[in-house]
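According to my numbering, the sequence shown holds residues 1 to 222 in order.
The reader is advised that the hints may include incorrect statements.
Below, computed lysine-lysine pairings styled on DSS-like, alpha-carbon distance capped at 30 Å [as the list claims (entries may be wrong)]:
| no. | residue 1 | residue 2 |
| --- | --- | --- |
| 1 | K116 | K93 |
| 2 | K96 | K108 |
| 3 | K187 | K93 |
| 4 | K108 | K94 |
| 5 | K93 | K108 |
| 6 | K187 | K96 |
| 7 | K187 | K94 |
| 8 | K116 | K187 |
Bear in mind the hints are in silico, worked out from the structure with no lab data behind them.
In this text, all values refer to a predicted model and were calculated from it rather than measured experimentally.
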Amino acid sequence: MDQHKIDAPRGRTTVTAGVAIVAMAFALGACTGQSQDAPTSATSTVTSSTAPAGSGATSGSAQAEVPAPPADLPTEPSDPKDAPEPLGPVERKKAKPVPLDTEATVAKGVVARVTKVEEVQGEATLPGEVAGDALRVTVTIANDTDETLDLSSAIVNLFHGPDDTPATTLSGPGAEPFPVTVAAGAKGSGTFVFRVAARGVPIHVEVDVAADLTIVAFEGDA
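Make a model of the complete structure from these sequences and hints.
See the structure below:
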């Protein structure tokens with residue numbers, strides 16, 4: 001009876017030890033599996049992180065490409081001889097000067113005449129003008145055509161002295177521009193003041209009615 005009581009605990013000890021060994025082996029196997037899976041996971045992570053870098057580099061290369069120029073563009077500079085020549089000043093037709101008391105033909109049916117030359121004291125109203133001795137010149141243009149004559153761009157210039165020195169215009173007294181138009185069969189006049197210090201000098205008056213018409217001129221002593 002006593003020997004059976006002593007052997008019973010030994011059997012339970014042996015079973016317990018065996019269970020412990022199996023549990024330890026299972027734990028070791030689990031650790032070994034985890035350690036083997038870790039590099040695979042890391043490798044997978046590295047691979048997935050490097051893939052976009054490769055695709056990004058390819059996209060950048062495509063954007064950096066510069067398209068080739070069209071084949072039909074000239075590759076050599078053009079010959080300077082082929083360049084258009086610059087336009088020179090337009091030569092205006094000028095009629096031979098006539099005496100101050102004579103009419104001049106501007107175009108068929110259009111004549112101009114200096115109707116009055118007066119000595120006046122010029123007035124300085126606008127910037128740059130200098131008051132002093134001046135000549136006031138009145139010019140009349142007759143339109144004997146069947147159409148209205150445009151005088152919107154008509155101008156009068158005066159030159160004086162032996163060297164035909166250009167005279168500057170003044171705003172008065174009594175200056176009056178040409179009318180904008182002159183009806184068929186009518187006349188239009190304009191009065192212009194020029195700074196001329198010397199008295200009794202020869203003058204040269206030019207009347208320019210329009211760019212496509214002849215410039216007429218009058219000469220004589222003031």
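These are the hints, each one checked on the structure:
no.: 1; hint: K116 - K93; in the structure: 25 Å, holds
no.: 2; hint: K96 - K108; in the structure: 16 Å, holds
no.: 3; hint: K187 - K93; in the structure: 23 Å, holds
no.: 4; hint: K108 - K94; in the structure: 15 Å, holds
no.: 5; hint: K93 - K108; in the structure: 15 Å, holds
no.: 6; hint: K187 - K96; in the structure: 23 Å, holds
no.: 7; hint: K187 - K94; in the structure: 22 Å, holds
no.: 8; hint: K116 - K187; in the structure: 15 Å, holds
Consistency with the previously given hints is maintained throughout, with no hint failing.
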